[in-house]
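Work out the full structure, taking the sequences as your base and the hints as a guide.
Line by line, the protein sequences give chains E and A.
FYI, the numbering for the first sequence is 15 to 427, going by the working numbering.
FYI, the numbering for the second sequence is 15 to 427, going by the working numbering.
Worth flagging that the hints you see were computed from the coordinates, not collected in a lab.
Don't take every hint at face value.
Pairs count within a copy or across copies, as identical chains cannot be separated in the list.
Here are the simulated lysine to any residue pairs, SDA-like style, with alpha carbons at most 20 angstroms apart [to be verified]:
#	residue 1	residue 2
1	K109	Q266
2	K48	V259
3	K422	A57
4	K48	L366
5	K422	I274
6	K422	R258
7	K48	A267
8	K282	I346
9	K422	V259
10	K109	A326
11	K422	W199
12	K282	A344
No experiment lies behind these values; they were computed from the predicted model shown.
Number of protein chains: 2
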Amino acid sequence: MLSLAELQRRIRSGDLSAEAAIVQSLDAIDAQEKTIGAFVCRAENVRAQDAGPLRGIAVGIKDIMDTADLPTEMGSPIYRGWRPRADAAVVTMLKAAGATVVGKTTTTAFAANDPTATLNPRNHDHTPGGSSSGSAAVVAAGMVPLTLGTQTGGSVIRPASFCGVAAIKPTYRLLPTVGVKCFSWTLDTVGLFAAGVEDLAHGLSAMTNRPELLPGAAPRTPRIGVVTQDFAGAPETDGAEAVRVAIRAVEQAGASARAIQLPEVVAKAWRIHPVVQDFEAHQAFAWEYRANYDAMPPLLRGRLDESKGIMAAEYDAALRVAGQGRAALAGIFEDVDILLTFSAPGAAPKGLASTGDPRFNRLWTLMGVPCVNVPAHVADGGLPVGVQVIARFGDDAGALAGARFVEKALARL
Amino acid sequence: MLSLAELQRRIRSGDLSAEAAIVQSLDAIDAQEKTIGAFVCRAENVRAQDAGPLRGIAVGIKDIMDTADLPTEMGSPIYRGWRPRADAAVVTMLKAAGATVVGKTTTTAFAANDPTATLNPRNHDHTPGGSSSGSAAVVAAGMVPLTLGTQTGGSVIRPASFCGVAAIKPTYRLLPTVGVKCFSWTLDTVGLFAAGVEDLAHGLSAMTNRPELLPGAAPRTPRIGVVTQDFAGAPETDGAEAVRVAIRAVEQAGASARAIQLPEVVAKAWRIHPVVQDFEAHQAFAWEYRANYDAMPPLLRGRLDESKGIMAAEYDAALRVAGQGRAALAGIFEDVDILLTFSAPGAAPKGLASTGDPRFNRLWTLMGVPCVNVPAHVADGGLPVGVQVIARFGDDAGALAGARFVEKALARL
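Written as structure tokens, this is what we have:
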């Protein structure tokens, strides 16, 4: 994989020109893309910028994010050839930081569940996960050092786990969703994929102009709470193994890791996540569902058909539970710095029919807390399995520092 | 003015066909529009729908809201002739409820402060207010019974006050902003303009499928707190008179109205509103500001130039204050059902250079609470001045019932 931080160091030192760094990505795309199929379209006349912390960094943008100079097709024929007038805010933020957009990455239609044809670079017989399929795959395949995705259920952390890359779903609205196709405004969160945690930190810091997100010299030893999310069911063997390995690693590195029981209202929040998502989806996709019913992606359309009956009162009650869950979760972070849990039930499912199950992700999306995927285990078939590092609302620096500690501990095992 | 509720009654009884109701609006537009200048563009081949609670109701849509079959120009040459692919969620919700979109209404560029050429129907020498200039004016001029606007500072309640129409800025995210040009995602709120409070209730209930918003037989007598917002400065004579008249009316109608002192953290929230708005605006308008600087509306561009230096930490602190303010305000509503305050400092300013001052509105936008404008007083020159009725977060039914009580009390004076 291409390390963003390493590229930055080489560019800053003069060892590599920004232009050469971009060319390196373009060459990697030329070599890999015909196998992986992770780009919907590619930019022409791609050039490095000559300033900004992300100069020389080639980025891929999930194709539900508006781009003024590339089509934005949302993974759906309803938007075939669609050209927005403006860039999404996050796209402009990347450009302003010096990055070069090299193309749009595949997305399940409208970031829901209808799969793409993208292959998992770790094992071509398996899904890369979704909905940010292309963004996870292009980083895993070493095509580019940074991509953007979105998560409404588990669409950043899950594909990152399946593809063996680092990813962050930052605190709710740390990154704006302006110009990003909406699924659920309470949940939709823009996230980043990169080779490692340090790379995420440099990317997110540059985009947001937040120096506090930059990695410190050595992350301090965090107090770690381990959460099994029993309300979401049991993980598969490989999901459990990933967390076991991570616990062993952090304990060897001198951290304490103790089991934490989440309050009942947090479990309740997990259960009402789909009520929030589906009620808002009916409004977010109101035009598509009403004016383009036949052209809707079948799985999303079926989901909307099934959830038609959700009453406003049920949604209002769900939002109240979410608020109570957030307050209760804040209490948990009085005693621990980070939580450690599954990124996904197990390794990437076989075939491309399913993009996998977001059941270990959706609570954290609803809570709005920052989550980082760290690859922790390799299952049969070379399939990676990650763990999820979670910090309190607004503490993205803490989530990144904790994830870096876990990543380093795993590297020393 | 055209009363939505009255039109509904006549259509339901067979006294008026839905088609005839639409034609009535089209005729009124033909008669008034050349003077007022409140439409950016008008729909062709307009027809009534034959079902839905809003059949026969002609609506105007603020031109920062996407429409699939009409241009959406945002009041700016940057979007001249722009045709979105989809309707904004609120547009589809109106159509699904049976309404007929007859055109797009004028907006200050990007819903900021650069004025439109629209005249105030009550006095052509005065501004109709902004940013939802056209939506307030077309209802005031009796052209259509219902329009949509948006409020980030005071862009719904203020023009409603200046034009002498009822309007509601509902609870934050009761109406989705999907497909509405973003200024500040923490603040932007879609609102409705109509002839009277009952009309707002029928419109909002039909759009949201929330029967609890429909007006009851007789609104119960509310406990009223009067708020002078001293932190925002003193009102003009006419603004103060509007509240005085409203207090007299509700007291004669049997309600108690007592002065309420807002907690200091609420005043603090008022002060940091611009920090939230401007910091988010830099992201929401990132593409326009970076790629179209010269074509930006001058007042908005100047505002962005001036607020460039806001640090992320200042914004984060402002969001914390907003959260504390919301919690403190919820406590106030333990003792009162509604708050009564100024809708604007006074009557509409003379000329079109300024759309007026949102200083009595912006706190409530940041608090996310439902606000209703009720016309209460007529100043020199026939210029109306409204009062603002405010209920607790999520209690839109209470805000509408309270506003209806105030409206009825004023009618009996």
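Okay, the hints, checked on the actual structure:
no.: 1; hint: K109 / Q266; in the structure: neither (41 angstroms within a copy, 62 angstroms between copies)
no.: 2; hint: K48 / V259; in the structure: neither (35 angstroms within a copy, 74 angstroms between copies)
no.: 3; hint: K422 / A57; in the structure: neither (36 angstroms within a copy, 62 angstroms between copies)
no.: 4; hint: K48 / L366; in the structure: within (17 angstroms within a copy, 59 angstroms between copies)
no.: 5; hint: K422 / I274; in the structure: neither (23 angstroms within a copy, 56 angstroms between copies)
no.: 6; hint: K422 / R258; in the structure: within (16 angstroms within a copy, 67 angstroms between copies)
no.: 7; hint: K48 / A267; in the structure: neither (41 angstroms within a copy, 76 angstroms between copies)
no.: 8; hint: K282 / I346; in the structure: within (16 angstroms within a copy, 29 angstroms between copies)
no.: 9; hint: K422 / V259; in the structure: within (13 angstroms within a copy, 69 angstroms between copies)
no.: 10; hint: K109 / A326; in the structure: between (40 angstroms within a copy, 19 angstroms between copies)
no.: 11; hint: K422 / W199; in the structure: neither (35 angstroms within a copy, 37 angstroms between copies)
no.: 12; hint: K282 / A344; in the structure: within (16 angstroms within a copy, 24 angstroms between copies)
Comparing the model with each earlier hint shows violations of hints 1, 2, 3, 5, 7, 11; every other hint is respected.
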